[in-house]
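Student: From just these sequences and the hints, can you work out the full model?
If you read the sequences in order, they're chains B and Z. Counting the first sequence from 1 gives a position; the numbering used here is that position plus 16. Counting the second sequence from 1 gives a position; the numbering used here is that position plus 96.
Just so you know, these hints were derived from the structure itself, not from any lab. Some hints here could point you the wrong way.
[Unchecked claim] Label-pair ranges, simulated between beta-carbon atoms:
1) Z:190 <-> B:188: 37 to 45 angstroms
2) Z:307 <-> B:163: 54 to 62 angstroms
3) B:244 <-> Z:115: 52 to 60 angstroms
4) B:248 <-> Z:410: 54 to 62 angstroms
5) B:115 <-> Z:242: 53 to 61 angstroms
6) B:232 <-> Z:169: 35 to 43 angstroms
7) B:191 <-> Z:367: 18 to 26 angstroms
8) Z:367 <-> B:164: 47 to 55 angstroms
9) B:211 <-> Z:367: 38 to 46 angstroms
Given the structure is predicted, the values throughout are model-derived calculations rather than measurements. Think of the CB as a built atom: it goes at the ideal place given N, C-alpha and C, for glycine as much as any other residue.
Below are the chains, spelled out letter by letter.
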Amino acid sequence: MSCQSNPLQQFVGKSDRVGTAGFGARFNSQEQFPPTRSIEHSFLNGQKNDGFLENKFLEVQQPSPVFPAESVSNVWLNQFSSMKLEDPLEFDNEYKKLYAGYQSQQTRRNVAHVSPALHRSIYQPVMRNPVANDVHFEQEFEALERELQDDKDELLDEESPLDYEFQKIASDIVNSTSNSPSPVSSKLSGSKFMGLMRDISGGLVSMRSNELRKSDGSVVGNEFTPVMDNMHKTNDFDVL
Amino acid sequence: MLGYHIPGYSGYGVQYSPFFDNRLAVVSGSNFGLVGNGKLFILDIDPQGKIHESNSFLTQDCLFDVAWNELHENQVLVAQGDGSLRLFDTKLAQYPIAIFKEHQKEVFSCNWNLLNKNTFVSSSWDGTVKIWSPTRKDSLLTLTPQPLKTVNRVDHSMNIPMSNQRNHADITRNKNCIYQAQFSPHDPNLVMCCSGNSYITIFDLRQPPSPTNQRNFLGHSGLEALTCDFNKYRPHTIATGGVDNVIRIWDLRMTSKNNSSPSICVNEVVGGHELAVRKVCWSPHHSNIFLSTSYDMTCCVWQDVSYTDRRSTGKTNSIDPNRGCRFKFTQHSEFVYGADWSLWGQPGYIASTAWDGNVFIWNAFQR
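Tutor: Encoded structure:
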């Protein structure tokens, strides 16, 4: 029995699905699956790599530029590379050449990877065409809500999350005692409390408004009686 | 053996009246404490040996502990799951005569001061111990054990079924929960309590609230210390029980003063119970006899072999083949929660109550 009633987990699950089936659908296939050439291989062998990178981990490490960054990055890189400094710890020229090649690949790749339309939708809240984007977002949210609602209905048909937790506690108690090979375990197996725990963990008995009820609605054990916070007035305290 | 069954309720605590030799107060929770009401039963034993209910009080929430008023023969105090303490008059029906509501969470224990008889103490899941006067609505003093490092065992963690009410679900996860607090029978200003963080704490009420008004030591290897009791004859001797299934006897003079080194008990009963020890209680008639109740559904009477004829023997219960067990009561069919020695008649009479809803009265020394 797994505990999937955590709403946060559900939401995270949903978000993942939306990420791939929803927004992800807007990438074209070429952008999603770049050619398979290893950056490490080309880097180590000093080869120029004009293609896209395979290493997806680098995607995460490199923040996507907020605006088309090629020109700006190049300006900065050019400025930096044109600087002349006398540094005794400087890397040798071969390394610097390779690193420059690596940098330029990264820049090109980042710009090419993110589609311009998505780029705008994420980083620029003011849209050129807000109506079209609103429609798109509404569709996405509706899909998300439908998924959540479907799952919620399924859950409500069976039991509430609190009941599920209660059931889990009961099954924990049953499991923890049934595994111990001690003489007391035989006594525990005949215990009415453990029997009730087994019924609860099996879903035969559940908690309904301060009472235990079977699946047919009949009350197990005592019925609940609300008790008011009334008090007797007494003079006994004067004596104490 | 005498018996009485309280149908639909699970016994949590029992205490003999200090005024009547045939009267008992029993507190209980509905449906094994799973959901529903609590109930206080006042039971009388008639000359024919039959037990019958003379009064009962239904409460909104489960009742965890009971203490008779040492100054008034008809008043009995209960600790309730909604954070309140209620004082009932056994001559009146239905409602309490006083409600003491300050604790933020479940009240697990209550104990009347045997020397300064106009105060009582309570301990709660909210991590505080409160001193009360029955004449005042508000508490006299709130004591909080110093925040101490919780020791986490890496081998296993064990959940004890304390109460299974939905709103009590976090009880065993709260390491600051104080399971029992008790006044010393030798000094009216000394209070002891035991907590979920395994520490036993002694408070001196004469000192102002500060870190110096308390001393504490680790009692049960980092697992919950569920119960503690002062020896009635030896002022420095206490017994504790916990989730490690062990009962330990401590000499307070030998406990570490600054926690720089772990305190070492003077005697212990290891392997006497198969599951957690719920309650320990020293005999009112002997200086080296105590009882224990456990989740293994038994109630045992032990002899502390480290002390005989008013002096320490230097022995421990490990040398005894039965670990010092003098009597094992096995009639209960569910977890045994409460037990109390009778102050009356021949020494050795014990009343015990369990989640099976039974109250049994038996003698530990009759063969």
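Student: Determine for every hint whether it applies to the structure shown.
Tutor: Results for each hint:
Distance hint for residue 190 of chain Z and residue 188 of chain B: a CB-CB separation of about 38 angstroms, consistent with the stated range 37 to 45 angstroms. Checking the proposed 54 to 62 angstroms range against residue 307 of chain Z and residue 163 of chain B shows it holds: the Cβ atoms sit about 55 angstroms from each other. Separation of residue 244 of chain B from residue 115 of chain Z is about 30 angstroms and departs from the stated range, judged on CB atoms against 52 to 60 angstroms. A beta carbon spacing of about 55 angstroms between residue 248 of chain B and residue 410 of chain Z agrees with the range 54 to 62 angstroms that was offered as a hint.
Between residue 115 of chain B and residue 242 of chain Z the beta carbon distance is about 57 angstroms. The supplied range of 53 to 61 angstroms therefore holds. One distance hint, 35 to 43 angstroms for the beta-carbon pair residue 232 of chain B and residue 169 of chain Z, is violated here, with the actual separation near 48 angstroms. Between residue 191 of chain B and residue 367 of chain Z, the C-beta spacing of about 24 angstroms keeps the proposed range 18 to 26 angstroms intact. Taken as a hint, the range 47 to 55 angstroms holds for the pair residue 367 of chain Z and residue 164 of chain B, whose Cβ atoms sit roughly 53 angstroms apart.
Between residue 211 of chain B and residue 367 of chain Z the CB atoms are about 28 angstroms apart, so this pair departs from the stated range of 38 to 46 angstroms.
The structure is inconsistent with the numbered hints 3, 6 and 9, although it conforms to all the rest.
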